[in-house]
Amino acid sequence: NAGVTQTPKFRVLKTGQSMTLLCAQDMNHEYMYWYRQDPGMGLRLIHYSVGEGTTAKGEVPDGYNVSRLKKQNFLLGLESAAPSQTSVYFCASSYSIARSSYEQYFGPGTRLTVT
Amino acid sequence: EDQVTQSPEALRLQEGESSSLNCSYTVSGLRGLFWYRQDPGKGPEFLFTLYSAGEEKEKERLKATLTKKESFLHITAPKPEDSATYLCAVRNFGNEKLTFGTGTRLTIIP
Chain A
1 NAGVTQTPKF RVLKTGQSMT LLCAQDMNHE YMYWYRQDPG MGLRLIHYSV
51 GEGTTAKGEV PDGYNVSRLK KQNFLLGLES AAPSQTSVYF CASSYSIARS
101 SYEQYFGPGT RLTVT
Chain B
116 EDQVTQSPEA LRLQEGESSS LNCSYTVSGL RGLFWYRQDP GKGPEFLFTL
166 YSAGEEKEKE RLKATLTKKE SFLHITAPKP EDSATYLCAV RNFGNEKLTF
216 GTGTRLTIIP
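Chains A and B supply the protein sequences, listed in that same order.
For the first sequence, position 79 matches number 79 in this note's numbering, and the numbering has no gaps at all.
Position in the second sequence counted from 1, then plus 115, gives you this note's numbering.
These are calculated hints, taken from the structure and not from any lab test.
Beyond 10 Å from chain A on every Cβ pair, some chain B residues (computed):
(1) Arg127
(2) Gly131
(3) Ser167
(4) Glu170
(5) Glu175
(6) Ala199
(7) Ile223
Taking lysine to aspartate or glutamate and the EDC-like style, the derived pairs with C-alpha atoms no more than 16 Å apart in a straight line are:
(8) B:Lys212 / B:Glu116
(9) B:Lys194 / B:Asp154
(10) A:Lys71 / A:Glu52
(11) B:Lys172 / A:Glu103
(12) B:Lys157 / A:Asp38
(13) B:Lys194 / B:Glu130
(14) B:Lys212 / A:Glu30
(15) B:Lys183 / B:Asp117
(16) B:Lys194 / B:Glu132
(17) A:Lys70 / A:Glu52
(18) A:Lys57 / B:Glu211
(19) B:Lys212 / A:Glu103
(20) B:Lys183 / B:Glu171
(21) A:Lys71 / A:Asp26
(22) B:Lys184 / B:Glu171
(23) A:Lys70 / A:Glu30
(24) B:Lys212 / A:Glu59
(25) B:Lys157 / B:Glu196
Note that beta-carbon positions come from the ideal geometry of N, C-alpha and C, so glycine has one too.
Please work from the sequences and hints to get the whole structure.
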């Protein structure tokens with residue numbers, strides 16, 4: 001099992017450009033999440049999904065959109081990148097909270113720089 | 116609002132010198148407390164889940180404990196490969212989300 005994978009690993013964007021980050025998981029998890037991690041701020045939730053075709057806002061959703069068309073994939077889009085979106089982005093997945101264990105498993109991250 | 120505070124922010128230990136990391140939390144109904152390890156440039160790696168006060172879990176040199184207000188991650192006779200940032204997170208009942216602390220950066224000196 002590959003677990004949670006993310007593409008790309010690194011990306012540099014100019015202000016105003018758009019891009020999509022892809023997350024894939026092969027653990028048949030119901031839930032998927034997108035976080036950003038900034039120095040001194042910890043992990044902050046951007047958006048999450050509790051199932052195929054559903055999405056919800058997290059703590060810092062502005063400037064981002066998501067889609068979950070297939071259970072195993074969760075896409076994070078930046079429509080018009082801003083320097084404030086320079087960060088490391090992590091995807092995670094977990095079983096539903098209805099199950100006995102629902103810890104989140106994380107991908108390796110995408111380091112995004114917006115100039 | 117759920118809150119998680121980790122201390123100390125950074126800790127340097129000599130190899131073999133045991134110590135503890137603290138995670139204080141405020142949550143209206145604890146569904147689970149999670150410990151993760153994060154190496155530089157990598158994603159967080161799951162270590163433990165604790166569900167109720169009094170619970171303890173162990174893995175190699177690490178032992179996690181839980182009270183009604185805090186959790187401790189005890190590290191016994193650490194080795195340099197234990198150097199990492201350790202993150203704590205809580206989940207509230209009826210909530211699909213985790214609230215993370217900012218972590219403790221642990222350095223073990225040979």
